[in-house]
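Protein chains: 2
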Amino acid sequence: MAQIISQKYIKKTLTLLREKGRDKTNLFIVEGEKFISEIPDGWPVECFIVSAEFAGKHDLNIYESKARVYIAADYQYKKLSDTVTPQGVMAVCAKRAYTLCRVTAENSLLLLCESVTDPGNVGALIRTADAAGAAGVILTRGCADLYSPKVIRASAGSLFHLPCVTDMDAMTAARFLKERGVILAAAHLKGDTIPYNADLSRACCIMIGNEARGLSPELSAQADVLTKIPMIGKAESLNAAAAGSVLLYEAVRQRLL
Amino acid sequence: MAQIISQKYIKKTLTLLREKGRDKTNLFIVEGEKFISEIPDGWPVECFIVSAEFAGKHDLNIYESKARVYIAADYQYKKLSDTVTPQGVMAVCAKRAYTLCRVTAENSLLLLCESVTDPGNVGALIRTADAAGAAGVILTRGCADLYSPKVIRASAGSLFHLPCVTDMDAMTAARFLKERGVILAAAHLKGDTIPYNADLSRACCIMIGNEARGLSPELSAQADVLTKIPMIGKAESLNAAAAGSVLLYEAVRQRLL
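Protein sequence lines correspond, in order, to chains A and B.
With positions in the first sequence counted from 1, the corresponding number in the working numbering is that position plus 104.
With positions in the second sequence counted from 1, the corresponding number in the working numbering is that position plus 104.
Take these hints with a grain of salt, some might be off.
Since the list gives no way to pick out one identical chain from another, each pair is judged satisfied if it fits inside one copy or across any two copies.
Okay, derived cross-link-like pairs now, EDC-like style, lysine to aspartate or glutamate, Cα gap no bigger than 16 angstroms in a straight line [unchecked claim]: (1) K138 to E340; (2) K338 to E142; (3) K254 to D222; (4) K116 to E142; (5) K138 to E315; (6) K128 to D328; (7) K338 to D145; (8) K161 to D328; (9) K254 to E283; (10) K332 to D127; (11) K199 to D145; (12) K112 to D273; (13) K254 to D145; (14) K294 to E168; (15) K183 to E210; (16) K116 to D145; (17) K338 to E315; (18) K294 to E340.
Simulated from the structure, these hints should not be mistaken for laboratory data.
All chains should be modelled from the sequences, with the hints used to inform the complete structure.
Right, here's the structure in full:
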């Protein structure tokens, strides 16, 4: 049966709105029926928190069958919610740690984000990587926190669909992938190869750099190919998520045809 | 010579932070040295507003040679700024109205956004359209306001690089383009053609729909081809800006090769 949430648990949950709190507890919040429905079976859910209003209107059995359910007063729920229009239901989930071994497979397509700081970009890139059938995503140190509410929303639940390695050292990841024969294909404004001429049909990792600085010189030096997306008009560069989408789907095209 | 800003002008400029104020005055704000540098010669600039701090550190001649310069106290400037870290200089510019005739040219690539409401998406789409060499962008009624600070920032100045038609009726635009032989290529989850099999090498207009609802049935019915971007993984769809980027760059690929 659902029970009234304690002040202590409200305090604990409030800390999850910040990266520090998520790091300390290894927990994060997933809000809304749509995104909660994306949580795969077997992913550890500590509890669900519902607002009194939501509890009055919905059958809670579906949640109670999976984990404890706490009911919060509407004003309490609002405090815990990161959204402008709180949806009335959130799951407190445990983080999952993936290793680099987990994301590399035969002919796999991978995405590495180096210090991509905008949560909307990180989320959109994970969503596109998922759509493109990537085997996994690697986020280096300095990227927006995978478990922040904005990244989760922008990923549209895709962070549950494919393994995402977080907090990686970029050079460690690059060396690991190279040793396993994965082609490192960087998006680079000074690249010498247009994506359509790069071979992205074998095991490869698309590498996208920071929004302002691009890929670091160290990581660029590790790349097997520096691809330059053609800039036909007057724009100097693409948004990081747009660049990643173009390259991931060029890999899809080469693999389909 | 720069002069102290009047309370009256501060009030007027404050209204430009909202769409209603921008519509009434036909003016909008461009903030920051980088974006101001993107304003093309000949684009009407009513004035520049600088903070006292900025005025103390920068040569204002470059601005004074183009339009009047008003100096605002730092606290006044902060109120006028939409950014978290105000940059100290903004331009008050006049809007430019473009017609559909202006954006259609031989073999042109066009982008039409139907009710794309997220300013980040609209800005990123304009930026990608610019990068892809599109001849213009058409925003239907219901899209995020082209002249909102968020769209301008996300476009990275690209709204100055190519004509953007705003507030269009979607069906009027579709009929206009069809009459001129422009292929209407819709991004559609129920499409029957993958983008790599659609002919995007001739005059064509990529059509992207609303983030939640996709393209309207009416506009979809006007499309010459409904393209479905392959969903290889578990994601149901792409972010609107990602979908637009994939299609615009598939058109680039077909035109380059």
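Hints, verified against the model:
{"no.": "1", "hint": "K138 to E340", "result": "between (37 angstroms within a copy, 12 angstroms between copies)"}
{"no.": "2", "hint": "K338 to E142", "result": "between (40 angstroms within a copy, 10 angstroms between copies)"}
{"no.": "3", "hint": "K254 to D222", "result": "both (9 angstroms within a copy, 14 angstroms between copies)"}
{"no.": "4", "hint": "K116 to E142", "result": "neither (24 angstroms within a copy, 47 angstroms between copies)"}
{"no.": "5", "hint": "K138 to E315", "result": "between (29 angstroms within a copy, 15 angstroms between copies)"}
{"no.": "6", "hint": "K128 to D328", "result": "neither (38 angstroms within a copy, 54 angstroms between copies)"}
{"no.": "7", "hint": "K338 to D145", "result": "between (48 angstroms within a copy, 15 angstroms between copies)"}
{"no.": "8", "hint": "K161 to D328", "result": "neither (56 angstroms within a copy, 45 angstroms between copies)"}
{"no.": "9", "hint": "K254 to E283", "result": "neither (34 angstroms within a copy, 43 angstroms between copies)"}
{"no.": "10", "hint": "K332 to D127", "result": "neither (36 angstroms within a copy, 39 angstroms between copies)"}
{"no.": "11", "hint": "K199 to D145", "result": "within (14 angstroms within a copy, 52 angstroms between copies)"}
{"no.": "12", "hint": "K112 to D273", "result": "neither (36 angstroms within a copy, 54 angstroms between copies)"}
{"no.": "13", "hint": "K254 to D145", "result": "neither (23 angstroms within a copy, 38 angstroms between copies)"}
{"no.": "14", "hint": "K294 to E168", "result": "neither (54 angstroms within a copy, 36 angstroms between copies)"}
{"no.": "15", "hint": "K183 to E210", "result": "neither (46 angstroms within a copy, 55 angstroms between copies)"}
{"no.": "16", "hint": "K116 to D145", "result": "neither (25 angstroms within a copy, 56 angstroms between copies)"}
{"no.": "17", "hint": "K338 to E315", "result": "neither (18 angstroms within a copy, 27 angstroms between copies)"}
{"no.": "18", "hint": "K294 to E340", "result": "within (11 angstroms within a copy, 34 angstroms between copies)"}
Consistency with the previously given hints fails for numbers 4, 6, 8, 9, 10, 12, 13, 14, 15, 16, 17, ordered from lowest to highest.
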